Amino acid sequence: MLRFLFQKMRHKKWLVFSLFIGNVLLFAIAVSHPMYKDAAVQRMFSDEFTRYIEENNEHPAMMELHLKRIAYSEQGKYEAIKERVDSFPDRLGIPYENKICFRYQMQQTAVLEKPRTGSPASMTLSLSHMTDFEDHIEIISGRMAEPGIDGRNIEAVVSETTLIKNDLVVGDVIEFRYVTNAQEETILVTVTGVFRNNKEADAYWVNSPNVLKDNLFISEDVFDELYSDVNYKAVLHCYWYLMLDTDKITPDNSDNLRAETQKLIDDYAAEGITIEKPTYMYILSDLVAKVNKVSVTLMILQIPVLVLLYAFLFMISSQMLSLEQNEISMFKSRGAGSFQIFSLYLLQTFIVTLVSCVAGIFLGRYMCQVLGSSNAFLEFVSRRALDVRITTEVWIYVGVAMLISILMTVLPVISYSRVSIVSLKRNRARVKKSFWQRFYLDVVLLGVGLYGLYNFSIQKDDLMLKVLNGKSLDPMLYFSSSIFILGAGLVALRLQPLLVKFLFKIGKKIWSPQTYASLLQIIRTSSKQYFIMCFLILTVALGIFNATVARTVLSNAENNTVYQIGPDVVMQERWKDNREMLGNHRPELLTYYEPSQARFDDIKGVVSRTNVLREKITVDGLYEIEYMGINSKEFGETVKMQDGLLPTHINNYLNVLAADANAVLVSESMRTSYGYKLGDPITLKAINGEEYTAVISGFFSYWPTYSETIMQKQADDSYAAETQYLIVGNLGMAQFSWGDRPYEVWFKMDGSAEGVYNFIEENKIDVIKFEDRYEEIRKIRNQTLFQGTNGILTMSFIVILVLCGAGFLIYWILSIRSRELLFGVFRAMGMSRGAILHMLVNEQIFSSCLSIGLGALIGWIASKCYVPLIQIAYSAERQTLPLELITKSSDMVRLFAVIGAVFIICMIVLTRIVLSMKITNALKLGED
Amino acid sequence: MSYKEIIMRADNITRSFPLAGGGKIQVLKGISVEIPKKSITLLRGRSGSGKTTLINILSALDYPTEGRVLFKDQDITKLSEGAREALRRKEIGIIFQSVSLIPIMTAYENVEFSLRLAGYEGDRKERVEKALRLVGLGARMHHMPQELSGGEQQRVAIARAVAHRPKLIFADEPTAELDSGTARHVMKIFKDLVEEEDITIVMTTHDISLMDAADKTYVMEDGEVVKNG
Chain S
14 MLRFLFQKMR HKKWLVFSLF IGNVLLFAIA VSHPMYKDAA VQRMFSDEFT
64 RYIEENNEHP AMMELHLKRI AYSEQGKYEA IKERVDSFPD RLGIPYENKI
114 CFRYQMQQTA VLEKPRTGSP ASMTLSLSHM TDFEDHIEII SGRMAEPGID
164 GRNIEAVVSE TTLIKNDLVV GDVIEFRYVT NAQEETILVT VTGVFRNNKE
214 ADAYWVNSPN VLKDNLFISE DVFDELYSDV NYKAVLHCYW YLMLDTDKIT
264 PDNSDNLRAE TQKLIDDYAA EGITIEKPTY MYILSDLVAK VNKVSVTLMI
314 LQIPVLVLLY AFLFMISSQM LSLEQNEISM FKSRGAGSFQ IFSLYLLQTF
364 IVTLVSCVAG IFLGRYMCQV LGSSNAFLEF VSRRALDVRI TTEVWIYVGV
414 AMLISILMTV LPVISYSRVS IVSLKRNRAR VKKSFWQRFY LDVVLLGVGL
464 YGLYNFSIQK DDLMLKVLNG KSLDPMLYFS SSIFILGAGL VALRLQPLLV
514 KFLFKIGKKI WSPQTYASLL QIIRTSSKQY FIMCFLILTV ALGIFNATVA
564 RTVLSNAENN TVYQIGPDVV MQERWKDNRE MLGNHRPELL TYYEPSQARF
614 DDIKGVVSRT NVLREKITVD GLYEIEYMGI NSKEFGETVK MQDGLLPTHI
664 NNYLNVLAAD ANAVLVSESM RTSYGYKLGD PITLKAINGE EYTAVISGFF
714 SYWPTYSETI MQKQADDSYA AETQYLIVGN LGMAQFSWGD RPYEVWFKMD
764 GSAEGVYNFI EENKIDVIKF EDRYEEIRKI RNQTLFQGTN GILTMSFIVI
814 LVLCGAGFLI YWILSIRSRE LLFGVFRAMG MSRGAILHML VNEQIFSSCL
864 SIGLGALIGW IASKCYVPLI QIAYSAERQT LPLELITKSS DMVRLFAVIG
914 AVFIICMIVL TRIVLSMKIT NALKLGED
Chain F
13 MSYKEIIMRA DNITRSFPLA GGGKIQVLKG ISVEIPKKSI TLLRGRSGSG
63 KTTLINILSA LDYPTEGRVL FKDQDITKLS EGAREALRRK EIGIIFQSVS
113 LIPIMTAYEN VEFSLRLAGY EGDRKERVEK ALRLVGLGAR MHHMPQELSG
163 GEQQRVAIAR AVAHRPKLIF ADEPTAELDS GTARHVMKIF KDLVEEEDIT
213 IVMTTHDISL MDAADKTYVM EDGEVVKNG
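Taken in sequence, the protein lines are chains S and F.
To convert, take the position in the first sequence, counting from 1, and add 13; that gives this note's numbering.
To convert, take the position in the second sequence, counting from 1, and add 12; that gives this note's numbering.
Any given hint could be a false lead.
[As the list claims (entries may be wrong)] Capping the alpha-carbon separation at 30 angstroms, the derived lysine-lysine pairs in DSBU-like fashion look like this: (1) Lys90(F) with Lys50(F); (2) Lys142(F) with Lys521(S); (3) Lys518(S) with Lys102(F); (4) Lys142(F) with Lys522(S); (5) Lys50(F) with Lys522(S); (6) Lys142(F) with Lys514(S).
[To be verified] Over the 12 angstroms line for every Cβ pair with chain S, so calculated as not near, a few chain F residues: (7) Arg21; (8) Gly148; (9) Arg177.
I should point out that these hints are in silico values taken from the structure, not numbers from a laboratory.
Please read these numbers as outputs of a predicted model, since none were measured by experiment.
Beta carbons: idealized from backbone N, C-alpha and C, even for Gly.
Whole structure, please, built from the sequences with the hints as guidance.
Now the structure itself:
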């Protein structure tokens, strides 16, 4: 049986190869999801922790345990906790990166052994020690304290703050009144040096040396000796800063970590020991929500292409079977049972599936790497490689994918293996309607898709709120778009033969023999072609839909970000003022000193630059409103405003401002909420009480950085839409009326913000606000959600191209091969080769090309309907601009170029078959 | 037998096929035949005697290795492919041993299609119906080939071969798959066609019982004509 099987497979090598390709792609896609998710989530974890360190200069996975006020009688407590703390890593499953114990005595009264004139009579100081503290400091004056107690003398170092606050100098000797050594002599502490942290940012310094104002740091052995000494009667505080190794925190152990941490907190609370709820608990719960969102989104994005792959396998399998129909019927007639035939195919499927599974896993791994480097749709950059692992989850996916694949391949066998040669001939007689046509399944599917669309459209605001609250988009939304595409595809399939029939009818008398024959061929064998046509419609529709989703979602997020930033780079530096002189009195006298603007002339890469004042002002004594003061000419040169947002070009608005110093433009919301009209006077009062009266000269709905409504988080953590207001006026007028106020400098750059960065660094500019469009866009593109979406849609698109090409080619070549006898007859009847080719081209046009056209139409309609809803998942929080569907012509060119290429290959192959066909040979085929 | 005009003449036809392992096999070894107009000419012989090869060459489906086939004073083996196709569309009708109907067309459409190909100028509907009535299938003309019996299908094939009024009809074992009753019926149709439609028929057979229906018979054996009369 095995030999027969291999012979059979060799004979149908192309079909077997197609099954193999289909399966490899299937497995690759199936395993890439869990692999990518795993790797992306790992990356999200490490990115999130790194981001936390960068933004907060604080260790992101630190647990703080407080042991307060250990009295002299409770000495054992410290030792006990010290041991218990060491067992935490076992419990949490994460080792320590750093375990710092900060011990200090309650502040004690101390005096200088030799008081100086003017020095305070007494101080309150704490003898302190921190684990490994000598590794994290540098001595800036004097020397490090030596360990050991010399009689009643010990040495200590102090921070600059302690030195200054207590008016100490290096070399001072401090006597602690109530701290004695074994001989009951008071302790003398010599200040040998002043230290500061040796690194700018060091998570070790949970409390910066700057805030340690009363601490004398002594060496560990001195502290222990003093502490264990029975005469040391101080009350101690112990703080353990337990910093977990964030590299070891992974999606797999994070659940355990959270659960165990909570248990630790509860357990210790019961003993009266405080463990602060560590920040990683918040980071992790946030991450879990993000991970779920990404995971669900990526999953739903993949489902359609998986379905297509299964359909492909089903199609190939059916093709193979229909070619082998005669053989199967022969077996049946010779007494082979359905089961025997079934097991033969099962074995074949099993072999193919197994081999492709191995190849698929490797390809999937590779795909994941590619996914990780996707930058935009069909765009890749080199980037830190993803750490791709084969987890248990991957094997589960492999198992399920294999099961369905085998099912899809052998399912058609069941019906074929029942047919004997007699019933076969009978079945060939008439074309039956497909079950979906009889039960109007296509209309039902289309209805379900449209119902989903309707349902989601009316809950659009709810969807947005859900996403803002960290939920993932309802999978049903994406699903209903797929259902819509499938339903519309099938309806189109129902209509297509009617169209061809209509064509056939109107020209029945005049059609040339080849057109007549080809139209008739399509009409009479339409049910056999449903599958390939459906397949083509779906692939094209989905290809267009995917491309549109990917392009739109990313460009929408980017456009909104760019719009909300305004120019390429926004920088605001700290201005000098007379605040210090004024103290807290009379803020109206606060005066700013405008720094020189000429310095900015040297920045490299600046195309243009403008000053923009942004301030909250009081309008007509009633409303607090955001004011933007601009220089209209430079403003126009520096910002880029998307076309179509304003009814006319933004320059026309700027001209209105330029024409009248008192003119202001105000947001449309000022009209709707407060009833302002064109020409109304409006008084603008700055925070220092100065005011001027302006005239409303125009209204706008869009202005760089301005959003009419924003979703604002409320006190109860829910989100609500809040209307925003903006007044745009002349900067010169504002400065004239209000005095100099700190403004932002907006830059238009020639492609990179590097010049500004360098300038800030070289000139040590004290920057209080900085926004960089390039960096923001990079951040968006690096977000796992966008990256994964782009990656998966790109991958799907490529798979679709492969499937579309392969499906098309295989179907046509097989269809032509199976009609060789018929062509022999046509040729014998005197039809030329050209006429036969013409016939085939006609068939291609009326079935394949029509399907592709319908697919494109459906893809476009689906994009129009569903993309606005789907993009909510990606940019709910920053959606300001009207959504613009992006279809890049280059994607369409790619799609249709591949289809075109396949079409041409197909025609070449067909031409070769037709040309090389010998009539006599073709006809002999019919004789056996 | 009365004198009849010769419509087609083949002179000294040889045909050899290359063998898979090199070398070649000679199927026809210098055959000459004459086809009298308005007659039924029979090529009889066992399978392998070369009669199908000969009829393929005569009907412009295949080329001889050597020799010529004269039809209307023209050597059709020298004609261009296009001219041979036109010949097959207009002047020649071919009937095959087994089903050769176009499966996607009804009996009526099959016959009509040959008219379309031949560029028939007259009333196609009338002509198709007449051809089908001639073979006794007037009632079942709108059935698909698969819905017809083997004999009925063969009769449709005959109707299709004669509908466009060709001069010559070639039939390769037209009765091989039919029972003897049906076979006799087909021969009767052939005879009627020769009478009514001014047609010449060349057919191959291995069935001796059909001999008496023929006006002329060539007996072939191993690529040569061993007897004619």
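Here is how each hint holds up against the structure:
1. Lys90(F) with Lys50(F): Distance of about 25 angstroms is within 30 angstroms: holds.
2. Lys142(F) with Lys521(S): Distance ~21 angstroms between lysine 142(F) and lysine 521(S) Cα, so the pair holds.
3. Lys518(S) with Lys102(F): Distance of about 26 angstroms is within 30 angstroms: holds.
4. Lys142(F) with Lys522(S): Measuring from Cα to Cα gives roughly 19 angstroms; hence the hint holds.
5. Lys50(F) with Lys522(S): Violated, because 33 angstroms separates the two Cα atoms, which is more than 30 angstroms.
6. Lys142(F) with Lys514(S): Holds, because 27 angstroms separates the two Cα atoms, which is no more than 30 angstroms.
7. Arg21: Given a closest Cβ separation of 22 angstroms, the condition holds.
8. Gly148: holds (22 angstroms)
9. Arg177: holds (14 angstroms)
Hint violations for this structure: number 5 only, all remaining hints satisfied.
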